[in-house]
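Construct the complete structure from the given sequences, taking the supplied hints into account.
Going line by line, the protein sequences match chains A and B.
Okay, so the first sequence: first residue is 127 according to our numbering, each after it adds one.
Okay, so the second sequence: first residue is 127 according to our numbering, each after it adds one.
It should be emphasised that the hints constitute simulated quantities derived from the structure, not laboratory data.
As the structure is a computational prediction, the values presented were derived from the model and not from experiment.
Please note: incorrect hints may appear among the correct ones.
One copy or two, it doesn't matter: identical chains are merged, so the pair holds either way.
[Stated by the list, open to error] Derived SDA-like pairs: lysine to any residue, alpha-carbon spacing no greater than 25 Å straight-line:
#1 K453 x Y441
#2 K439 x R156
#3 K439 x G359
#4 K332 x Q243
#5 K455 x E360
#6 K409 x D489
#7 K341 x E220
#8 K341 x F225
#9 K247 x E435
2 protein chains.
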Amino acid sequence: MSNPILLAPGPVQLHPEVQKILSQPMIHHRTPEFDQILARVLKNLKYLFQTKNHVFMHTSTGSGGMESALVNTLNPGDQVLAIVSGKFGERWAEMAEVFGAKVQRLNVEWGKSVDPQEVEKALKQNSEIRLVLCQACETSTATSHDIRTLGKIISKSNALFLVDGITATGAYDIPMDEWHIDVLIAGSQKAVMLPTGLSLIAFSEKAWKISETAKTPRYYFDLRKELKSNKNGETFVSSPVPLIRALDYVLTRIQEITLEKHFKQLRRRADFTREIAHEMNLKLFSSSPSDSVTALVLPAGLNGVQFREELEKKYAVTVMGGQDQLKGKIIRIGHMGYILDDHMVETMHRLALCLKDFGVSIDPEKIKVKSSDWLKANQV
Amino acid sequence: MSNPILLAPGPVQLHPEVQKILSQPMIHHRTPEFDQILARVLKNLKYLFQTKNHVFMHTSTGSGGMESALVNTLNPGDQVLAIVSGKFGERWAEMAEVFGAKVQRLNVEWGKSVDPQEVEKALKQNSEIRLVLCQACETSTATSHDIRTLGKIISKSNALFLVDGITATGAYDIPMDEWHIDVLIAGSQKAVMLPTGLSLIAFSEKAWKISETAKTPRYYFDLRKELKSNKNGETFVSSPVPLIRALDYVLTRIQEITLEKHFKQLRRRADFTREIAHEMNLKLFSSSPSDSVTALVLPAGLNGVQFREELEKKYAVTVMGGQDQLKGKIIRIGHMGYILDDHMVETMHRLALCLKDFGVSIDPEKIKVKSSDWLKANQV
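Below, the structure written as structure tokens:
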């Protein structure tokens, strides 16, 4: 097998133009040239987030964005409702506890989406809840939550709705303002199609008002400082120039394509994966599958850890396995980033070859033809 | 004027090989290929820091590293002695206050280095001081402090010695262990010669013991979590793959050259700049000039802000101006990063041309010849 393929739920394959931009000679972040780029990026991020409010950038991974969301809204002792349906839900709940929140966990079976009525009930039972935390897509289970309905419910309460959209924002439709999201986070190495290193975050007016006086100590992630600098056309600390230059390209490109069509392209990849998985007798793990990543249950008795390693070593395909309780049981195939039809056909073909190696009865060539045919028949 | 030159005290010009590495196709950070790179980088960072202890990486700017140093050692209410000799000293003091420290500022005139006896006196007068904060090089004034002597003094007290080495570590000799430094920070876009996006930080055994129980809430910058992951061959959160791949190259290269020779190369650039500045009648701003960046006082009456802008616009040379109280009064020329002799000659030539444009009596061609001759006569 020849060319390596990376279809993980982040980091993702880079557009060739992005690779080129990343290798450009360095420029300083306090120059007229960079000022123009920064101004354009800050403007175009609003389109990506579907908000009229300011979108901020941190030099951090997505987890830094999750921390920023908390430290900019939380007062020590605040009551927080955390929807925990996987590894990242658990991380956010733990993080809130570290910063002094009293966290009530709403545990959801892995692979299922939260029942909005459960959230409504929890909010009614405890009017002291100040923040509700939820993943738009819980990456560890490839499950999307019903953010729209949750937004409606939470907007009627006193709580703020904080949404980790790291594997969702820019991958499928989450109109921040329209859906009453108070804080929305994105990560560069996911639907934003860049390397790891930038987290993006926006606040509703309601959330911003609270952030102005929230008492959790913060400095690196203090968005009050960042806003002041952004208003002067700068970032508060050094700007990661190559990433922001590449972000400029990605945002301009998405605007040209339009979000609507961009989302359709991702949906097509998700549909394709589900369809061909069905051909291969692989079941979907999630009952509410996300358009950004698909989790497939491996055949019973198959050693999933070995399988994923073999797929990588022998077939040069990197997809992710399961984490924690799902270790060895599922594989997760990402739909974000620079993905050509060839990548998808090849991935399914090699997946079938590898399944065959592991004793599964399957015809890889048939899978390859089916894959190719499906993509030709389903253009966006 | 043709090719642009960037001689700022970070971000710096990139080695062509680094540019190439940054544009490589993405790989996942949980792959055997990346595991090997990470292991090598974590090992080689010890050489850069001149420590036997573990060196950590954060996906953040240098300011994130400064925050990490604090939140991993500080208990709310702790007394902290902050040496403030410029903008970054002030930033660190302010940051410590945000996280609940009682900060005593030891203010030093900008451009001067701190008198170690003043630090000794302060520690004697207040045995409750838990941390001493100092820049190795205060970037805003291009001034280096006597870290070796300070380390000796502070190691005899109960306090930890926290050193911001962001424009120093890897630029000149600061042997962490030998000089009794408890926490040392570096930044990727400075002497590490990469784009902005990584901060590096190491702890002495004494500091690490304190960090294990320090009570400041922390998650993103929690090094206890990071150590646990590093011991498993991973980073705690996503790894910025291109930066770490490029760091691998830079560290390997510095090891090949040896730190000793690498430091001599930077010292040569600093010596050159001071020598030619003398030829141009430009005085050094600092009485304790750093080898990583040189600040030159602009002629009285010359509009420094306009001058720097003209140098950039007409002559394509980016150097930095002064900040805060030094705005318009100095220019700062960096010595870190990928700098060829041609870059240095050209910078001095264009600087002279620009000075002439602003009415200074100077012979740019003579400066060019002098520059070239000096570099030929002073090889490393």
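Verification of the hints:
1. K453 x Y441: within (21 Å within a copy, 58 Å between copies)
2. K439 x R156: between (44 Å within a copy, 13 Å between copies)
3. K439 x G359: between (47 Å within a copy, 19 Å between copies)
4. K332 x Q243: within (23 Å within a copy, 52 Å between copies)
5. K455 x E360: For K455 and E360, the Cα distance is within 25 Å only across copies (21 Å; inside one copy 46 Å).
6. K409 x D489: within (17 Å within a copy, 78 Å between copies)
7. K341 x E220: Both ways: K341 and E220 sit 19 Å apart in one copy and 16 Å across, limit 25 Å.
8. K341 x F225: Classified as both; 10 Å inside a copy, 11 Å across copies.
9. K247 x E435: So K247 and E435 fail the 25 Å test inside a copy (44 Å) and across (60 Å) alike.
In terms of the numbered hints stated before, the structure departs from hint 9 and from no other.
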